[in-house]
Amino acid sequence: MGFQEMASRTRQRYYMLGGKGGVGKMSCAASLAVRFANNGHPTLVVSTDPTHSLSDSFDLSGGTLVPVEGRDSPLFALEINPEKAREKFRTASQKNGGTGVKYFMDSGPWGAR
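In our numbering, the protein residues as written are 1 to 113.
Derived from the structure by calculation, the hints contain no laboratory data.
Derived pair list, reagent style DSS-like, types lysine-lysine, alpha-carbon separation capped at 30 Å:
| hint | residue 1 | residue 2 |
| --- | --- | --- |
| 1 | K25 | K88 |
| 2 | K20 | K84 |
| 3 | K84 | K25 |
| 4 | K20 | K88 |
Distance ranges between label pairs, derived from CB positions:
| hint | residue 1 | residue 2 | range |
| --- | --- | --- | --- |
| 5 | Q94 | G2 | 41 to 49 Å |
| 6 | R90 | Y14 | 22 to 30 Å |
| 7 | T91 | E5 | 37 to 45 Å |
| 8 | Q94 | A7 | 38 to 46 Å |
| 9 | N81 | G18 | 15 to 23 Å |
| 10 | P42 | E5 | 14 to 22 Å |
| 11 | R90 | L44 | 23 to 31 Å |
| 12 | S8 | E87 | 38 to 46 Å |
Glycine included, every Cβ here is placed at the ideal spot set by N, Cα and C.
Whole structure, please, built from the sequences with the hints as guidance.
In structure tokens, the structure reads:
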């Protein structure tokens, strides 16, 4: 699928890049995110890679949802530490007989507004 086909879709889409270590997945994801934003699509690029290569790509500090400066359309980057996120989710899911999951989902940058 080429970029024009990807960008021409009007509904929200998710694209995941995968592969062996060191093949440039994050570089491709960051480039694709910039291209989507430059073509008028609000974009979020997320990484669970502990090497913080997303932060390096955008010269940011990791751990929080941050806007990437200099784009015409919104571009946000988020690095998630999978170990910390799993522990936070586990703790939240055990609160109040399972209602902690709602708190967890509402507490992050992805929470309902």
